[in-house]
Structure formats: C-alpha cells, structure tokens
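These protein sequence lines are chains X and V, in that order.
For the first sequence, our numbering gives the first residue as 1, with consecutive numbering after it.
For the second sequence, our numbering gives the first residue as 1, with consecutive numbering after it.
It is possible that part of the hints are untrue.
Copies of the same chain look alike in the list, so a pair counts if it fits in one copy or across any two.
[What the hints assert, rightly or not] In silico BS3-like pairs for lysine-lysine, Cα to Cα no more than 30 Å straight-line: (1) Lys213 to Lys89; (2) Lys210 to Lys401; (3) Lys9 to Lys55; (4) Lys283 to Lys429; (5) Lys89 to Lys62; (6) Lys283 to Lys173; (7) Lys385 to Lys358; (8) Lys433 to Lys138; (9) Lys404 to Lys265; (10) Lys21 to Lys404; (11) Lys213 to Lys138; (12) Lys173 to Lys412; (13) Lys404 to Lys358; (14) Lys429 to Lys89.
Simulated from the structure, these hints should not be mistaken for lab results.
Predicted model, so just to flag it, every value in this text is computed and none were measured.
What follows is the residue order along each chain.
Protein chains: 2
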Amino acid sequence: MATKPSIPKGTRDFSPVEMAKRNYIFDTIRRVYALYGFQQIETPAMENLSTLMGKYGEEGDKLLFKILNSGNFLSGVEAEELNGEGTNKLAARLCEKGLRYDLTVPFARYVVQHREELTMPFKRYQIQPVWRADRPQKGRYREFYQCDADIVGSDSLLNEVELMQIVDTVFSKFGIRVCIKINNRKILTGIAEMIGAADKIVDITVAIDKLDKIGLEKVNEELAAAGLSADAIEQLQPIITMNGSNADKLSTMRQVLSASEIGMKGIEECAFVFDTLQQLGLKNEVEFDLTLARGLNYYTGCIFEVKALDVQIGSITGGGRYDNLTGIFGMPGLSGVGISFGADRIFDVLNQLDLYPKETITGIEVLFVNFGATEAAYCMSLLTKVRATGIRSEIYPDTAKMKKQMAYANAKQVPYVVLVGENEMNEGKLTLKNMTTGEQQLLSVEEMIAVLRS
Amino acid sequence: MATKPSIPKGTRDFSPVEMAKRNYIFDTIRRVYALYGFQQIETPAMENLSTLMGKYGEEGDKLLFKILNSGNFLSGVEAEELNGEGTNKLAARLCEKGLRYDLTVPFARYVVQHREELTMPFKRYQIQPVWRADRPQKGRYREFYQCDADIVGSDSLLNEVELMQIVDTVFSKFGIRVCIKINNRKILTGIAEMIGAADKIVDITVAIDKLDKIGLEKVNEELAAAGLSADAIEQLQPIITMNGSNADKLSTMRQVLSASEIGMKGIEECAFVFDTLQQLGLKNEVEFDLTLARGLNYYTGCIFEVKALDVQIGSITGGGRYDNLTGIFGMPGLSGVGISFGADRIFDVLNQLDLYPKETITGIEVLFVNFGATEAAYCMSLLTKVRATGIRSEIYPDTAKMKKQMAYANAKQVPYVVLVGENEMNEGKLTLKNMTTGEQQLLSVEEMIAVLRS
Numbered sequence: 001m002a003t004k005p006s007i008p009k010g011t012r013d014f015s016p017v018e019m020a021k022r023n024y025i026f027d028t029i030r031r032v033y034a035l036y037g038f039q040q041i042e043t044p045a046m047e048n049l050s051t052l053m054g055k056y057g058e059e060g061d062k063l064l065f066k067i068l069n070s071g072n073f074l075s076g077v078e079a080e081e082l083n084g085e086g087t088n089k090l091a092a093r094l095c096e097k098g099l100r101y102d103l104t105v106p107f108a109r110y111v112v113q114h115r116e117e118l119t120m121p122f123k124r125y126q127i128q129p130v131w132r133a134d135r136p137q138k139g140r141y142r143e144f145y146q147c148d149a150d151i152v153g154s155d156s157l158l159n160e161v162e163l164m165q166i167v168d169t170v171f172s173k174f175g176i177r178v179c180i181k182i183n184n185r186k187i188l189t190g191i192a193e194m195i196g197a198a199d200k201i202v203d204i205t206v207a208i209d210k211l212d213k214i215g216l217e218k219v220n221e222e223l224a225a226a227g228l229s230a231d232a233i234e235q236l237q238p239i240i241t242m243n244g245s246n247a248d249k250l251s252t253m254r255q256v257l258s259a260s261e262i263g264m265k266g267i268e269e270c271a272f273v274f275d276t277l278q279q280l281g282l283k284n285e286v287e288f289d290l291t292l293a294r295g296l297n298y299y300t301g302c303i304f305e306v307k308a309l310d311v312q313i314g315s316i317t318g319g320g321r322y323d324n325l326t327g328i329f330g331m332p333g334l335s336g337v338g339i340s341f342g343a344d345r346i347f348d349v350l351n352q353l354d355l356y357p358k359e360t361i362t363g364i365e366v367l368f369v370n371f372g373a374t375e376a377a378y379c380m381s382l383l384t385k386v387r388a389t390g391i392r393s394e395i396y397p398d399t400a401k402m403k404k405q406m407a408y409a410n411a412k413q414v415p416y417v418v419l420v421g422e423n424e425m426n427e428g429k430l431t432l433k434n435m436t437t438g439e440q441q442l443l444s445v446e447e448m449i450a451v452l453r454s
Numbered sequence: 001m002a003t004k005p006s007i008p009k010g011t012r013d014f015s016p017v018e019m020a021k022r023n024y025i026f027d028t029i030r031r032v033y034a035l036y037g038f039q040q041i042e043t044p045a046m047e048n049l050s051t052l053m054g055k056y057g058e059e060g061d062k063l064l065f066k067i068l069n070s071g072n073f074l075s076g077v078e079a080e081e082l083n084g085e086g087t088n089k090l091a092a093r094l095c096e097k098g099l100r101y102d103l104t105v106p107f108a109r110y111v112v113q114h115r116e117e118l119t120m121p122f123k124r125y126q127i128q129p130v131w132r133a134d135r136p137q138k139g140r141y142r143e144f145y146q147c148d149a150d151i152v153g154s155d156s157l158l159n160e161v162e163l164m165q166i167v168d169t170v171f172s173k174f175g176i177r178v179c180i181k182i183n184n185r186k187i188l189t190g191i192a193e194m195i196g197a198a199d200k201i202v203d204i205t206v207a208i209d210k211l212d213k214i215g216l217e218k219v220n221e222e223l224a225a226a227g228l229s230a231d232a233i234e235q236l237q238p239i240i241t242m243n244g245s246n247a248d249k250l251s252t253m254r255q256v257l258s259a260s261e262i263g264m265k266g267i268e269e270c271a272f273v274f275d276t277l278q279q280l281g282l283k284n285e286v287e288f289d290l291t292l293a294r295g296l297n298y299y300t301g302c303i304f305e306v307k308a309l310d311v312q313i314g315s316i317t318g319g320g321r322y323d324n325l326t327g328i329f330g331m332p333g334l335s336g337v338g339i340s341f342g343a344d345r346i347f348d349v350l351n352q353l354d355l356y357p358k359e360t361i362t363g364i365e366v367l368f369v370n371f372g373a374t375e376a377a378y379c380m381s382l383l384t385k386v387r388a389t390g391i392r393s394e395i396y397p398d399t400a401k402m403k404k405q406m407a408y409a410n411a412k413q414v415p416y417v418v419l420v421g422e423n424e425m426n427e428g429k430l431t432l433k434n435m436t437t438g439e440q441q442l443l444s445v446e447e448m449i450a451v452l453r454s
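All chains should be built: construct the whole structure from the sequences, respecting the hints.
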C-alpha cells in the first residue's frame, strides 16, 4: 500500500476553508428560501432505477450511476444476456438502484408518493449532491450540489415574480452583479407556429443569439442553411433586429405574434412578470431575452437564467415553469415552477471576485499554549469558562516546543493566543497575546472574555 | 405508470418537519465541535473500492454498495468469470467505486492523501450520510448520517478529556440525561495476558456483563463453558465482583493487574481522564465500565460509549483511540482519537422524550391572504418590506376561497395572517390576525413588523 490513496476522478474532498466557503453559500441560499416560505426536504441518494430511467433522455440514462444489486447479482440473469457487451439494458438487469441525477425528478416522485400528506401549493427547497457519469473537465464534476426551490400546485405568476426576487436577494447578499434573463416557452412555440417549423426553434434561437457577433446577413444565411424558407426568414426579421427596453421588445413581439394564441399568452405572462418586478424594484437588471431556450423540454411557461456580469462563466442559476412533471408518476395536471442555484459556479465566481466576507472562516478565536501538565490542567479549567460563553477555543494538546505551537496557531490563523506559566498561575491570571499586533496583556479570564467579545 | 412510485427499502424521505428536527440535531453538534476547535471537511460519497475493501472485515465487504462501471462494464471480463454466481470477487471486476460505509476510513484516506497540506494535530469533524447494504429493520437504515470528530497526530489524553466534555455539552443542550461509559483496550489486553487467554476477552466481557442478571455462579459457569481454566476464573473473581466508585474500581484493577505493564498503562490512562473530568465538572455521570469492549478492532486505548438514561435504546454515541488507522494507507505511527454521534438514534430519543425546542420548527411567521389581483399587488409590496427585516413570510399565490387559504395557514401552523381588502388599501394599512387568539388589529406595515418582532 505504498501508493498514495486517491478519490474517483470527477469527485472532490473539501478542506476546512473550502467547507467554510461552501457553508456560507448554502446558508445564504437556505435563509432566503426560508424567508420566502420554502420548506426543506431531503430525498435518498439512491432511487429505484425505474424512477430515474427515461427521464433524462437516452444520453442521461447512460450518465446514471447504477448500483450493483447486493448478494448474488447474477441470479435470474441468463447466460446469453452476459454474452456480449455491458450495455445499459444489461445494467438494468444487474442493478435496481441508481444515484440521483438531479433534484427535480426525485422531487416529482416525492410529491406523488406523499400526495396525501401535502397541502398544496407545496413550496419546498432541497440542497443535496447529485451524481452524473459525465466526462470530468474544468468546472464539471461527477458529484456536485444543487440548490433547488420549487412550488407545485399553483399556476399563479406571483410564483415566478417571487423566484426572481429570490435570485435578486441572493446575489445581492453575495455581492455578485447579475443579469436575470427571462423568456417564455409559449413565445417560442408561437414563433414556431407562425413560421410553420416547430422543429427549427433551437436553430432559430442559436442563430439569433449570434447577431452581435456575426451580423444580420450571416444570421439569415445560417437560418437558410438550417432549412428555413425565405418566407419564414422574412417573417423573423422584426424579431431578429428588435431592441430597446423590455416593454419595447414585448411590443414588437405582440405585433409579430398577434395571430398566435399561445404566443400572445406567453407575451402576457412575461409582461406581468416584468411589470410586477418593476413595481417591486430589484437591485439587478432583468432582461427579456428571446434567445434563451434552456435545454430541458419539460418547461412550458416562463424560463429564466442568470449570468454574472463581472466574470466570464456560463449560467449560474436557471429554472422555469413546467406543467406536467408529476404526470410521469401518475399524477397529471399539477403545475409547478422552480429554480436551481449552481453552487459550484457561484463558488468559483465568489473566489474570482474575492467576495467572501471575512467572518466566513469561523476557526477558533483563541489558542491556549501548553507549557506542561500543571499549566495545562490550569488552562483546561479556564477553557471550560471561555467555551461556556460560546467563544471557540482550544488548547494545544501536547507539551510541544513553543515554535511548533506558534506554527500551529499561524496555520490555523488564530487571532489570539493565551500563555500561562508559573507567574500567571500564582496570580490567578493569564497572558493574552494579540497575534496581529504582538501586544500582550495580563488579564483575568473574565477580562479576557470581555476583550474577545468586543 | 399507475403504481405509486417508491424509494429503495431502508432509505427515507425527510419531510419539512423531520428536516427541521434533524437540522436542530446537526447544528447543535456542529456548533459544539466548532467550539472545541474542530474544523469541518467533506469527502465524496463514492470512494475507490480499493480504499474501502478489506477495511470492515469480510462481512463488511459484502455490505458495501458497489457502483457499476460506466460504459461497457464487461470489457476485459472473461466469459468464464461470468459463468457462475455474482460474487464479491466478480463485483470487484465490474465495479471500481463504492459508496462510503463510514466516515473513519475516508478520513484516514483524506489525512494520508493531503498530508502535505495539514498541520498536526489535525482536528476535523464530518457530518455526512453513509450507506450499508444491511437488512433493513426498525431503527436500522441503508442510508444514515454519522457525525464524527477526530484528532490525529496527538497522543495527549487531554483529547480524550475534551471529547467527553463535548459529549457532556451536546447531551446537556439536548436535555438528554446520559451515562458516559469508559474503558481502555489496554486493560482488556492486560486481563487477557494475566489469564493467558487473549482470544477469550470478548467471552469474558460478555459474561461479566451478565452479573446483575444471572448472578456470580452462572457467570463462572459461562466462563468455564467458554473454555477458561479454573485457575483463570479464580483470578477473575475480584474483577467480576468489584464495585464502588470509579476510583475504587481502578484501585481493584491496579492490584489485579499489577504484573501487567500494558494493563497498568491502561489503568493510568483511565485514571487521568476520570480525575481531570472530575476537576472540570461534567453535568452527566461518567462510569468506568470494564464490560465495554466495542467491536471495532482498530481501537488501542480509551474507548467510550454513551447510554441514554430515560429511553431503552442501544448506545447513542461511541468512540475511542486508535494508534494506526492511517497505516493501511502507508502512513504509520499516527495516533488518533475520535467520537461518533448516532444522529438517527438521537432523533428517536428526542422524539420519544418530546425534547425539541419550540423554535426548532422554523416555518413562516405570517401568511398574506390573497383576495384578488389588485390586493395581491398591494400585498407584494408590503411583503418586500416585511422580508427586508428578515421576517419569514409569504402570500397565498392564487386567489382561492378563504376557507382553502385558511386551511393552508393551519397546515403550515402559521401564527399570524394578514388580510388586505379595499378598506385596508384605502387607508394604507393591513389587518393582522393572531391565529391562536383570533384577535384582529388594523395596523400599518411598520406597526405589524413591530408586533411580529416583539
């Protein structure tokens, strides 16, 4: 066992400093969710594969981590099944369980399973790791945390408004300047209807998104290359070139989509969200972005994505409304809307911009130096008093050389150390040393507590 | 998909109320760990099987959840390997990774892998789930949380003392009365040496443990049946019948084990821990219990276990000193001592004794009733002010019947609701209803905030 042990690729250990930063992120999000009336739930890391399979597309099924059945896992498996490649189909014969791939499908499963206990609308948040057998690369991990909030059982647009307020509050607390981009699937459907090419909607949003980079002419060339008719491209011109305020853009869309009932519905939904948010006043910018499509095809209404303004990084938060997520588990007709903060990317942004508050790192406030058994016994009873006041503190457990103990204090970035020798013991006092200024004071334990408290 | 979805047996969903209770448990333990200078780390759910296998005995290897390799998992596996039962050996060919079984082995792996970054002594705590393919039964789950703290790189007994102070503090905060039982593996080794039967030490502790129930004569019969010589049984008599204070018992042990160097060392270690704890003063009882053996054979010094006094349940916390845990990963000679709180059993004890503080359940403090679009818009701007003060609050998102909204308020156990109709809007006020007393007050939003704050 001479080789250094390691962990599976794409996974991470978190050191005390990293944990302190991550807890700051999770606690901030958690508190804002609770402020808006969301309640926490947790679901098991393992779900039945029947719950997970078929929910994330064929590619997603491959990326599920599957857990080998316990005991004789070949029992009931025929020899010819084993006579080839290890495929997804065979995997489903050897494995009944898999690790959760996101928090949305387990949440839908939770709602259906516990429907009798729940009062609708049900507002839940959930902060847990998920696992994907993706190829690991910079910023992409096989184990990562999601921080989701969803409301199910209400189709009120006030939910969309509140989720945007949550986004605004969370990023204001972090000190990260963001742009909140909003679109609506119904608008995209309306556009597809209008030009008679429902299957081209992704090509269209991708092409429009390039306008700033490649110019109108090239955008139109790309649309033609994607198979759109000259007529359809002509109809798209006002959309591609629209600009101005959100209200201006929505006004353009109203004209273009006037014949599409669903398109107009999407526009009115967006208009309500923008108007209400404007009345309430957000700290961050909100932008109607027609090119926002979001990959997951269960979205049916408003969709949103958040971009950091001061760091080059992908979307750091996203979400949207879905009208039939629980339908796959036999409970149709339940509308929901949700949001997911990307904790790992937020961690990177906070690091890059150096935005962690100083008090995030909550190590000990004072270290008692250990000069020997008698002094240590004296210090232990002082420590009991200090800790009773809630001050995080410790004694160096061994009677080591002063230099080693001071190196320990520095490594832990301790602001104060306590020195107790014969003099201090005779006087019933202690010496408190400020590690930043080097200043030393002879104090009673009560005086020391007062200094640390101030 | 008509059948109700379910979760794998032995796993659990946690509802908002259960989460609030669990967070109370974890936060209490976490704060006390931090108070004593322990720092949090986290390790991945998945470890390489090479890290986990062989660390928990043959039975433990079977209880590891193994993760099927991604892609073609049969690649490189010969046909004849598949030509029989699905054994542990074949599993290791199909799976490179497994779910962590406890927090101790991943911690040892962490220390060795990150040795260059760590300053010794290293005090870490870790609160994460672990997974075991055990047969599920009442109170035993396949996914459960461990809450561990360990110090490595120090052999000072002050660490043992502080861990006992932590136990005392945590259970005092919970309001659970406990007995802390302490023994020392060196004492057990000394006894085995003395009677020349090292392999009989478990039989001996089990038999002695029954003294109260079956009496001395039967204990001696059991010892004989276990294969101990008449001479050995004779030598054990003072130990079996010893009683009195911890000091009395240690005094008896000193006489009996005077010829055993290792036994005397164990006694002195215990004596130091008991004496120091007595000087510092604990709220709970500490007992020298010779029958305490603890199953894990990596312990080498003090071992401890905690029993609840007012509930019939197994040990709710345990731990001990180990001298060579990192040796298996190529880093010998590092002594450590640790403790593990059993969160699931503590959850059960707190439930049985109904000891959760009222403020544990942190739902919303006020619900705004929704009488229509205009009233809701007015309420949304009030809500923004209320939330800015940190008061957890929400508006019922839909314009539903009053009865339905009140049922929602009751289900969420909301202490106050706000009613806003035409009158309130005209006056720029709101009606606050106390859900316990039924009392209603017409207030400005500032006055309402003051009421909720008081």
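Alpha-carbon proximity context of Lys21 and Lys404, limit 30 Å:
Within one copy only: 28 Å inside, 42 Å across.
Can you tell me if Lys9 and Lys55 fall within 30 Å by alpha carbon in one copy, between copies, both or neither?
Close inside one copy (25 Å) and across copies (22 Å); limit 30 Å.
Using 30 Å as the alpha carbon limit, work out where Lys283 and Lys429 are close: within a copy, between copies, both or neither.
between (52 Å within a copy, 26 Å between copies)
Could you figure out if Lys404 and Lys358 sit no more than 30 Å apart (CA to CA) within one copy, between two copies, both or neither?
Within one copy only: 26 Å inside a chain, 46 Å across chains, cut-off 30 Å.
For Lys173 and Lys412, with the copy left unspecified, which applies at a CA distance of at most 30 Å: within, between, both, or neither?
Intra 27 Å, inter 27 Å, cutoff 30 Å: intra and inter.
At 30 Å max between alpha carbons, let me know whether Lys429 reaches Lys89 within a copy, between copies, both or neither.
Classified as neither: same-chain Cα gap 73 Å, cross-chain 63 Å, threshold 30 Å.
For the identical chains here, do Lys433 and Lys138 meet the 30 Å Cα criterion within one copy, between copies, both, or neither?
neither (43 Å within a copy, 53 Å between copies)
Classify it for me, Lys385 with Lys358: is the Cα-Cα distance of at most 30 Å met within a copy, between copies, both or neither?
Intra 26 Å, inter 28 Å, cutoff 30 Å: intra and inter.
Within a copy, between copies, both or neither: which one fits Lys213 and Lys89 at a CA-CA cutoff of 30 Å?
Neither: 44 Å inside a copy, 57 Å across copies.
Could you place Lys283 and Lys173 in one of the four classes (within, between, both, neither) given a Cα distance threshold of 30 Å?
within (11 Å within a copy, 41 Å between copies)
Give the relationship of Lys210 and Lys401 under a CA distance limit of 30 Å: within one copy only, between copies only, both, or neither.
neither (65 Å within a copy, 48 Å between copies)
With 30 Å as the alpha-carbon cut-off, assign the pair Lys89 and Lys62 to within, between, both or neither.
For Lys89 and Lys62, the Cα distance is within 30 Å both inside one copy (10 Å) and across copies (25 Å).
Checked against the numbered hints above, the structure breaks hints 1, 2, 8 and 14 and satisfies the rest.
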